[in-house]
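Under the numbering used here, the first residue of the sequence shown is numbered 1, with each subsequent residue one higher.
There may be inaccurate statements among the hints.
[Unchecked claim] Here are the simulated DSSO-like pairs of lysine-lysine, each with C-alpha atoms no more than 27 Å apart in a straight line:
no., residue 1, residue 2
1, 168, 148
2, 168, 143
3, 160, 143
4, 59, 26
[To be verified] Pair by pair, the computed Cβ-Cβ distance ranges are:
no., residue 1, residue 2, range
5, 59, 37, 29 to 39 Å
6, 3, 164, 14 to 24 Å
7, 18, 150, 35 to 45 Å
8, 169, 78, 41 to 51 Å
9, 26, 159, 28 to 38 Å
10, 18, 78, 21 to 31 Å
11, 50, 160, 29 to 39 Å
12, 176, 18, 32 to 42 Å
13, 166, 81, 41 to 51 Å
14, 141, 161, 10 to 20 Å
I should point out that these hints are in silico values taken from the structure, not numbers from a laboratory. In this text, a Cβ means the ideal position worked out from N, Cα and C, and glycines have one as well.
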Amino acid sequence: MKERALGLIEMTGFTATLITADTALKTADVRLSRFEWIGGGRVTIVLTGEVASVAEAVKHGVTRGKELGEVLQWTVIPRMEELQSMLRPGGSLPVNQSSPGKDRQTSTSSQEESGKSGEKELQLTPDSDINGNSGEWRTLSVKELRKKARRLPGFNLPGKEISRANRKRLVSAMEQYFNERSVT
Numbered sequence: 001m002k003e004r005a006l007g008l009i010e011m012t013g014f015t016a017t018l019i020t021a022d023t024a025l026k027t028a029d030v031r032l033s034r035f036e037w038i039g040g041g042r043v044t045i046v047l048t049g050e051v052a053s054v055a056e057a058v059k060h061g062v063t064r065g066k067e068l069g070e071v072l073q074w075t076v077i078p079r080m081e082e083l084q085s086m087l088r089p090g091g092s093l094p095v096n097q098s099s100p101g102k103d104r105q106t107s108t109s110s111q112e113e114s115g116k117s118g119e120k121e122l123q124l125t126p127d128s129d130i131n132g133n134s135g136e137w138r139t140l141s142v143k144e145l146r147k148k149a150r151r152l153p154g155f156n157l158p159g160k161e162i163s164r165a166n167r168k169r170l171v172s173a174m175e176q177y178f179n180e181r182s183v184t
């Protein structure tokens with residue numbers, strides 16, 4: 001069985017990102033999984049395929065991207081299946097368990113990287129935060145609160161108000177949102 005990989009290219013500028021993705025896709029047999037819109041004009045191209053193909057596509061994509069815009073970072077992550085299982089809710093690899101050919105330290109760093117990658121869909125509830133810890137969603141940054149508020153179905157603030165709301169207003173609106181849902 002051939003190993004699958006995940007390739008990431010993060011850059012600034014939408015047009016340059018599209019041309020970079022086009023170059024990467026035409027260079028090797030890879031699949032464009034999605035674009036991740038980070039904000040501030042930053043976009044991440046997410047590619048999947050066999051390890052060698054993804055590495056080649058990322059290499060050519062980065063070369064072309066540097067000609068067009070600002071390439072911020074890029075990486076190829078082999079053994080995508082292991083990463084995906086860690087990113088699923090409740091699917092993290094325990095620290096004391098290691099994969100064949102890996103030591104404990106490598107497993108731990110893989111967990112930390114998977115948590116930082118943002119691949120996991122974040123869910124907010126009134127009683128648990130993104131990590132299942134009670135009430136910690138109230139400590140998210142204003143930017144994170146705005147992002148979560150936009151994802152909540154039927155949230156009581158329109159998009160423009162979410163953009164203008166300060167931390168206190170967002171936390172208050174989220175508390176109201178969750179209280180209304182817990183009563184019904």
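Would the pair residue 168 and residue 143 pass a check requiring their Cα atoms to be no farther apart than 27 Å? 13 Å, holds
Range hint 29 to 39 Å (beta carbons of residue 50 and residue 160) holds or violated: 45 Å, violated
Against the range 10 to 20 Å, how does the distance between the Cβ atoms of residue 141 and residue 161 compare: consistent or not? Holds, at about 18 Å.
Distance restraint hint 32 to 42 Å, applied to the beta-carbon atoms of residue 176 and residue 18: 40 Å, holds
Against the range 41 to 51 Å, how does the distance between the Cβ atoms of residue 166 and residue 81 compare: consistent or not? Holds, at about 43 Å.
For the hint 14 to 24 Å, verify it against the beta carbon of residue 3 and that of residue 164. 47 Å, violated
Range first: 28 to 38 Å. Now tell me if the beta carbons of residue 26 and residue 159 are that far apart. With a Cβ separation near 36 Å, residue 26 and residue 159 satisfy 28 to 38 Å, so the hint holds.
Between residue 160 and residue 143, is the straight-line Cα distance small enough, at 27 Å or below? 14 Å, holds
Holds or violated: 41 to 51 Å for the Cβ distance of residue 169 and residue 78? Once the Cβ atoms are compared, 45 Å apart, the range 41 to 51 Å for residue 78 and residue 169 holds.
Honestly, do residue 18 and residue 150 meet the 35 to 45 Å range at C-beta? 24 Å, violated
Given the hint of 21 to 31 Å, is the C-beta distance from residue 18 to residue 78 inside that range or not? 26 Å, holds
Between residue 59 and residue 37, does the C-beta distance stay in 29 to 39 Å? 24 Å, violated
Checked against the numbered hints given earlier, the structure breaks hints 5, 6, 7, 11 and satisfies all the rest.
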